[in-house]
Amino acid sequence: MNPLYVMGLLAVGAYLLQIIFGMQQIKHFNQTYQALRQQGKVAIGRRAGKVQAGTIIMFALSNEGVIIEGAKMQGVTVLAKFKGIPAFKGIKIMDLSPNHPLVAKENKLTQKTILNAQEIYRRVNQGEIIEEPAAPILNIGLKLSILKTTIYNKFRRSV
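Be aware that the sequence shown starts at 0, since it is given in numbering that gives the first Met the number 0, and climbs by one per residue.
Warning: the hint list may mix true and false statements.
What the hints assert, rightly or not - Cross-link-like lysine to any residue pairs, in silico, SDA-like; alpha carbons within 25 angstroms at most:
1. K71 / Q30
2. K26 / K82
3. K71 / Q37
4. K80 / V50
5. K71 / R45
6. K40 / K71
7. K82 / P100
8. K88 / V102
9. K82 / P97
10. K91 / T109
11. K88 / I119
12. K40 / K82
13. K40 / A86
14. K88 / L101
15. K82 / Y32
16. K88 / A103
17. K71 / D94
18. K111 / Q33
19. K80 / L101
20. K91 / Y120
21. K107 / T31
22. K142 / A47
23. K71 / P97
24. K91 / A34
25. K71 / A86
26. K40 / N62
For the record, the hints were derived by calculation from the structure and aren't laboratory data.
All values derive from a computational prediction rather than experimental measurement.
My request is simple: use the sequences and hints to build the entire structure.
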């Protein structure tokens with residue numbers, strides 16, 4: 000068999016595996032979120048890791064903002080799963096700070112994620128609408144559209 004075909008089949012197989020594992024990770028996220036949501040409000044913090052592991056933290060909160068339960072997913076691959084973080088149970092989310100002993104003992108990315116969850120919780124409680132930034136793939140489409148218009152205008156002027 001031609002080595003080029005073998006490489007192509009391996010690439011397609013790896014892509015399909017990534018899709019399958021990605022779907023399982025999304026399913027696990029939704030199950031964890033639903034379990035926390037049944038206990039109360041959920042504050043979600045996230046930090047994408049460019050080179051290092053990305054992190055998502057979810058806290059189930061009482062009406063007073065006390066953490067009922069927490070879950071953390073940290074990893075580089077689609078095989079990462081949520082794990083419970085019981086140490087934060089019983090603490091008010093607004094009491095968390097970079098100097099808090101429980102936050103300080105976490106790695107820097109997790110600290111930023113915890114503070115992101117706190118910030119989003121605070122903003123939502125104040126009634127702010129939190130807009131998500133556009134996905135990078137959408138920016139590519141916009142840039143291509145602008146490039147096409149620019150080229151079209153240059154040719155139109157030169158004629």
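Here's how the hints hold up against the structure:
no.	hint	result
1	K71 / Q30	holds, 13 angstroms
2	K26 / K82	holds, 15 angstroms
3	K71 / Q37	holds, 17 angstroms
4	K80 / V50	holds, 19 angstroms
5	K71 / R45	holds, 10 angstroms
6	K40 / K71	holds, 16 angstroms
7	K82 / P100	holds, 20 angstroms
8	K88 / V102	holds, 13 angstroms
9	K82 / P97	holds, 22 angstroms
10	K91 / T109	holds, 18 angstroms
11	K88 / I119	holds, 19 angstroms
12	K40 / K82	holds, 19 angstroms
13	K40 / A86	holds, 19 angstroms
14	K88 / L101	holds, 11 angstroms
15	K82 / Y32	holds, 12 angstroms
16	K88 / A103	holds, 16 angstroms
17	K71 / D94	holds, 19 angstroms
18	K111 / Q33	holds, 24 angstroms
19	K80 / L101	holds, 21 angstroms
20	K91 / Y120	holds, 11 angstroms
21	K107 / T31	holds, 24 angstroms
22	K142 / A47	holds, 23 angstroms
23	K71 / P97	holds, 17 angstroms
24	K91 / A34	holds, 20 angstroms
25	K71 / A86	holds, 12 angstroms
26	K40 / N62	holds, 7 angstroms
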